[in-house]
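Protein chains in written order, with our numbering: chain G, 1 to 339; chain L, 1 to 340.
Because the hints were derived from the structure by calculation, they are not lab data.
Okay, the calculated bits of chain L under chain G, using three or more residues with CB under 8 Å as the criterion:
no. : region
1   : 153-163
2   : 166-172
3   : 304-314
Please read these numbers as outputs of a predicted model, since none were measured by experiment. Beta carbons are placed, not taken as given, at the ideal position from N, Cα and C, and that holds for glycine.
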Amino acid sequence: MSAENVVRAGGVPVALLISLLAAIALAGVGASLSIGAVGTSFTDALGYLWHDDGSNAAFSVRELRLPRVLCALGVGAALALSGALIQTVTRNPLGDPGLTGVSGGAAFGVALCLTLLSQSAGAIVLSGIAGGFLAATLTFLIAGRPNLQPSRLILAGVAVSIFFIAATSAVMILSRSSMQTLYYWMIGGFINRDWVEWVMFWPWAVAGTIAAFALSPALRMLTFEDSMAASMGLNATRWRLVAGSVSVILAASAVAVAGPIAFVGFVAPHLARLCLGARHAVMWLWLCVSTLFGMAVVIWADTIARAFFSGRAPAGVIITIIGGIAFLVLMRSARRFKG
Amino acid sequence: MSTRSALPIYLVLLLIVCLLSLRFGAVEVAWSDVFNITSETPNANTQVILDYRLPRTVAAIVIGSYLALSGLVFQTVLRNPLADPTMFGVSGGAAFAVVAAMSLAIYLFPVGESLQVATSYLPMAVVPVIALVGSLSATALVFWLAWDRGFSPLRLVLIGVVLAAVLNGIVMAMVLTLSETRTELAILWLAGSLYARDFSNVLPALPWGVAAISAIVILSPQLSALRFDPQTAASMGVATRTLAPVLLGIAACLAASAVSIAGPIGFVGLIVPHLARLIARPTIAAQILSCLFIGAILVVASDTVGRAVAAPLEVPVGIVTSLLGAPVFAFLIRAQAKRI
Numbered sequence: 001m002s003a004e005n006v007v008r009a010g011g012v013p014v015a016l017l018i019s020l021l022a023a024i025a026l027a028g029v030g031a032s033l034s035i036g037a038v039g040t041s042f043t044d045a046l047g048y049l050w051h052d053d054g055s056n057a058a059f060s061v062r063e064l065r066l067p068r069v070l071c072a073l074g075v076g077a078a079l080a081l082s083g084a085l086i087q088t089v090t091r092n093p094l095g096d097p098g099l100t101g102v103s104g105g106a107a108f109g110v111a112l113c114l115t116l117l118s119q120s121a122g123a124i125v126l127s128g129i130a131g132g133f134l135a136a137t138l139t140f141l142i143a144g145r146p147n148l149q150p151s152r153l154i155l156a157g158v159a160v161s162i163f164f165i166a167a168t169s170a171v172m173i174l175s176r177s178s179m180q181t182l183y184y185w186m187i188g189g190f191i192n193r194d195w196v197e198w199v200m201f202w203p204w205a206v207a208g209t210i211a212a213f214a215l216s217p218a219l220r221m222l223t224f225e226d227s228m229a230a231s232m233g234l235n236a237t238r239w240r241l242v243a244g245s246v247s248v249i250l251a252a253s254a255v256a257v258a259g260p261i262a263f264v265g266f267v268a269p270h271l272a273r274l275c276l277g278a279r280h281a282v283m284w285l286w287l288c289v290s291t292l293f294g295m296a297v298v299i300w301a302d303t304i305a306r307a308f309f310s311g312r313a314p315a316g317v318i319i320t321i322i323g324g325i326a327f328l329v330l331m332r333s334a335r336r337f338k339g
Numbered sequence: 001m002s003t004r005s006a007l008p009i010y011l012v013l014l015l016i017v018c019l020l021s022l023r024f025g026a027v028e029v030a031w032s033d034v035f036n037i038t039s040e041t042p043n044a045n046t047q048v049i050l051d052y053r054l055p056r057t058v059a060a061i062v063i064g065s066y067l068a069l070s071g072l073v074f075q076t077v078l079r080n081p082l083a084d085p086t087m088f089g090v091s092g093g094a095a096f097a098v099v100a101a102m103s104l105a106i107y108l109f110p111v112g113e114s115l116q117v118a119t120s121y122l123p124m125a126v127v128p129v130i131a132l133v134g135s136l137s138a139t140a141l142v143f144w145l146a147w148d149r150g151f152s153p154l155r156l157v158l159i160g161v162v163l164a165a166v167l168n169g170i171v172m173a174m175v176l177t178l179s180e181t182r183t184e185l186a187i188l189w190l191a192g193s194l195y196a197r198d199f200s201n202v203l204p205a206l207p208w209g210v211a212a213i214s215a216i217v218i219l220s221p222q223l224s225a226l227r228f229d230p231q232t233a234a235s236m237g238v239a240t241r242t243l244a245p246v247l248l249g250i251a252a253c254l255a256a257s258a259v260s261i262a263g264p265i266g267f268v269g270l271i272v273p274h275l276a277r278l279i280a281r282p283t284i285a286a287q288i289l290s291c292l293f294i295g296a297i298l299v300v301a302s303d304t305v306g307r308a309v310a311a312p313l314e315v316p317v318g319i320v321t322s323l324l325g326a327p328v329f330a331f332l333i334r335a336q337a338k339r340i
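Can you make the complete structure from the sequences, with help from the hints?
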C-alpha cells in the first residue's frame with residue numbers, strides 16, 4: 001500500500017485530527033496568555049500580541065506569558081519527537097527520553113555547566129547535549145542487546161537517570177543553590193522562563209525538528225528487520241545512530257529550558273498511534289501528530305499548573321502524574337510488554 | 001566468614017562510623033568533645049552532640065537495619081536480585097499517605113508558621129501507622145499491576161519505579177500547594193533526609209520495627225525454604241502461597257517504619273543484602289544478622305559523608321545512597337541480562 005492510500009484509509013480523517021489537535025493546542029495558548037496575576041480577557045490578550053499599549057497587562061502578556069507559552073510549545077514538540085525517535089530506533093514501545101536516562105544526563109550537564117563553567121546559552125545547551133549522549137551510551141552499555149526485553153532497556157535507563165538526577169542534586173546543593181530552586185528545576189516546568197530561555201532553545205528545537213522529519217523515510221525502514229532494511233540499501237546501524245543523536249539533541253535542548261520532564265516522549269507518540277491506527281506507519285504523519293500531542297499536553301499542563309495550583313506546582317508535576325498513570329495502564333493492559 | 005568472627009568486626013565498624021558521625025557536621029567539634037559527652041561539665045559542643053548528632057546517628061542505625069532486612073526478605077521471597085523495598089511502592093505509598101494526612105491536618109487545623117518541623121503537623125505516634133497503611137496499599141497495587149500469570153522480575157521492578165514516580169509527583173503537588181514550610185517537606189519526603197530527625201521521630205517507629213524483625217526471625221526457617229522454587233519449598237513443608245505474601249507484608253511494614261522516620265532513602269535495601277550474601281555464610285540467620293549491621297553501617301556512613309563533604313552545606317543521605325546504589329543497580333541489571 002502506498003503512503004497516500006494509507007493516509008486515506010478509514011478512521012478519523014487526518015485533516016480533521018490535525019486541525020482538532022492544533023485547535024486544542026491553540027486554545028491552551030489562548031488560556032495560558034490570559035490567565036495570571038494580572039487578569040486579561042482572551043481577546044485582550046491576543047490583542048496585546050500585536051499592539052503594545054504600555055499597560056501592565058500588555059507587559060505581562062508580551063514579556064512574561066508569551067515566552068513561557070513558546071517555551072512550553074517548543075519543549076512539548078521536542079520531547080514528543082525525541083520519544084518517537086527513541087521508540088523507533090530501539091523498537092521499544094516504552095521509549096522516552098526521561099526513562100532512558102537521556103534527560104537525567106542532560107540535566108547533569110546543564111547543572112554542571114551553570115555552576116562550574118559558564119552561564120552562556122550556547123555552553124549550557126552543548127553541555128546538556130554532552131550529558132545526554134553520555135547517559136544514552138551508559139544506558140545501552142548496561143542494557144546489552146536492547147531488542148530482547150523492552151523492560152530491561154528502560155530499567156537500565158532508570159538506573160542511569162536516578163544516578164544523574166542524584167548527581168545533579170548534589171552539584172546544585174554544593175554550589176549553594178537554594179533547595180527550592182533545586183526541586184523546582186528537577187521536577188521540570190516553566191516558572192519564570194522568559195525570552196533568554198527561548199532564544200537559547202529555539203535554534204536547536206527547529207534544527208532537531210527539521211532533522212527528525214527529514215529522517216522519516218529512514219525511520220520507516222528502521223521499523224523493519226535490519227536484514228530487510230539492508231536489502232533496501234540502508235545501513236541500519238548508521239541511521240540508528242543518526243536518529244538517536246537527533247533525539248538526544250532534541251531532548252537535551254528541552255531539558256536545558258524546562259528541566260528533566262519525563263513521560264511526554266512516551267505519551268505523545270502512543271496517543272498519536274492510538275488515533276492514527278494503521279496509518280501511524282506513515283512516518284511523517286505519525287511524527288506530525290505526535291508533535292501536536294506533545295505541544296497540547298505540555299501547554300495544557302502548564303496552564304493547569306498556573307490556574308489551579310496558583311503557579312506553585314511546576315508543569316512537570318502534572319505531566320509526571322498523568323504520564324506515569326498512562327504508562328502503568330499500558331503495562332497492565334498490554335500483555336506483550338512482558339519484562 | 002563465620003558469624004562468630006564477623007560479629008566483632010561489624011561491631012567495631014559500627015562503632016567507628018558512629019564516632020565519625022558524632023564528630024563531623026555543620027558545627028566544628030573536637031574529638032575530646034565526642035569522648036566527653038557523658039562528663040559532668042557540658043559545654044556548647046557536647047550539647048550539640050547530645051541534642052542533635054546522637055539522635056540522628058541512632059535514627060540512621062535504625063533506618064539502615066530496617067531497610068536492609070526488608071530488602072533481604074523481598075529479594076529472598078521474590079527470588080529477584082533487583083528487589084528493593086523503596087522500589088515496590090513502599091516508600092512512595094508511605095510518603096503519599098503521610099503527606100496526604102498532613103495536608104488534611106493543615107487544612108482542617110491551620111496552625112500558622114510556628115511549627116517548623118515537617119512531621120509535627122501530625123501526632124508523632126500516628127505517623128508510622130499512616131505510613132504502614134500507605135505502603136501496604138501501594139505494594140499491593142504494584143503486585144496487582146504486575147501480575148501476568150506470574151511475576152517477571154524486570155516488569156515488577158519497572159512498574160514499582162513508575163508508580164513511585166507518580167506518587168512522588170502527587171506528593172510534590174501536595175507539598176507545594178498546601179504547606180508553608182514546603183521546601184523542608186519536599187526534601188524530607190522526596191529525597192530522604194535525616195536533617196533535624198530526633199528521638200521523637202524514631203521512638204514511634206521502634207515497636208513496629210522490632211515486632212517485624214522478631215516475626216522475620218521467627219519465620220526464618222520458612223524464609224530459608226522460600227529461596228528455592230515453589231515446588232521444592234512445598235516439599236520442605238512450607239505453604240508458599242500463604243507465607244510469601246505474609247513475609248512480604250511484614251517486610252513492607254519494616255520498610256514503612258523506616259520511611260516514616262526520614263523519608264524514602266533509596267537503594268539501601270538493594271545493596272546491603274547483596275553485600276551480606278557476599279560476606280556472610282549462606283545461612284539465613286547469618287544473612288539476617290549481617291544485613292542488620294551492614295545496613296546500619298552504610299546509612300550512618302552515608303549520612304556522615306553527606307554532612308562532612310562540604311560542611312556546613314548538607315547533601316541529604318538519600319542522595320548519597322542513590323549515588324552509591326544506582327551503579328550497583330545498573331550492574332545487577334547487566335548481570336541479569338547475561339543470565340538470560
